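Given only the sequences and the hints, what does the whole structure look like? Please build it.
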Amino acid sequence: MAEPMRIRARSKDGMTDVHVLMPHPMETGFRTDDAGRPISAHYITDVEISVQGRTVLSATLSRAVSQDPLLYFRFNGGRADDTLRVVWTDSRGERRSDEAKILGS
Amino acid sequence: MCAWFAPRPDTPGGLFDAGLADRSLASNRREALRLMAAALLAAGVLPWPVARAAENDALAFGSGSLEGALSALGATLDPSPEIRLAVPDFVENGSVVPVEVTSQLSGPQTIFLLSEANPFPLVARFFVPEGTLPYVSTRIKVARSCNIYAVVQAEDRYYSAVKATTVTVGGCGNG
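Read top to bottom, the protein sequences are chains A and H. Heads up, the first sequence is in my numbering, so the first residue is 195 and it goes up one at a time. Heads up, the second sequence is in my numbering, so the first residue is 78 and it goes up one at a time.
I should point out that these hints are in silico values taken from the structure, not numbers from a laboratory. Be aware that a few hints might be false.
Said to hold, decoys possible - A few chain A residues facing chain H, derived, Cβ under 7 Å:
hint, residue
1, Ser256
2, Ser260
3, Ser285
Claimed, not checked - Here are the simulated SDA-like pairs of lysine to any residue, each with C-alpha atoms no more than 25 Å apart in a straight line:
hint, chain 1, residue 1, chain 2, residue 2
4, A, Lys295, H, Pro165
5, A, Lys295, H, Tyr212
6, H, Lys240, H, Ala131
7, H, Lys240, H, Arg216
8, H, Lys240, A, Lys206
9, A, Lys206, H, Glu207
10, H, Lys240, A, Lys295
11, A, Lys206, A, Ser252
12, H, Lys240, A, Gln261
Predicted model, so just to flag it, every value in this text is computed and none were measured. C-beta: ideal position from N, C-alpha, C; glycine also.
Here it is, written out as structure tokens:
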């Protein structure tokens, strides 16, 4: 099971800044291990980020997003103590969901 | 072996490289997705536009060329000052390239990131709903020195920005 995501959301002047780091190997399927055997592809395909049930960003990723994908974006609204929820699904159908409270300025 | 990106045509052993093997896997998966969408459509489970969208998605993300990915998306390159794309001029490590897109357009929009020389050029797509700023920053893998494109779709129009980046060590995973 993948490690927990690191989520930091901070609201200031009616706007919320969000950083999300999703630990994931993001294997392309093009690499080989030390013995020269191919390492099969394994990468996050879908990410959905919401606040109090409202979707603020959804993304479709490919294998070309770097290992441990990092996303940074901003949205209008969001108050301190609101819950920001991030859900990802990967190419093997694994899924992970994490939440964080929005911090005040 | 530098195996992240597709074998160069001048490499004799290239055809048997993991890169191509995976590409054919991807095309099988693409085929499977297409069949599945068609089957669901026939069964009346999926409405037509949804089935179409799933098929186009698989085609766009599975396309081995920039042109192929763009045409699967129905997108065109239309350089616009409304789109700002920030990518470093020089990157040492192609497997971690910071990319930032800012759009001056208003309303909901979709931001696409493409890296021209990658085995699969379409890197990511972000749906930006109303209320979210049309700005996204992330890190991508870039196979070798090439153009990075940001394409933004807003109200059925496409806008783009391009930036060339020079990569010292390709997004070569085994490095």
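These are the hints, each one checked on the structure:
no.: 1; hint: Ser256; result: 5 Å, holds
no.: 2; hint: Ser260; result: 4 Å, holds
no.: 3; hint: Ser285; result: 9 Å, violated
no.: 4; hint: A/Lys295 - H/Pro165; result: 33 Å, violated
no.: 5; hint: A/Lys295 - H/Tyr212; result: 22 Å, holds
no.: 6; hint: H/Lys240 - H/Ala131; result: 29 Å, violated
no.: 7; hint: H/Lys240 - H/Arg216; result: 15 Å, holds
no.: 8; hint: H/Lys240 - A/Lys206; result: 32 Å, violated
no.: 9; hint: A/Lys206 - H/Glu207; result: 19 Å, holds
no.: 10; hint: H/Lys240 - A/Lys295; result: 36 Å, violated
no.: 11; hint: A/Lys206 - A/Ser252; result: 22 Å, holds
no.: 12; hint: H/Lys240 - A/Gln261; result: 22 Å, holds
Figure legend: structure checked against the earlier numbered hints; hints not met, in rising order: 3, 4, 6, 8 and 10.
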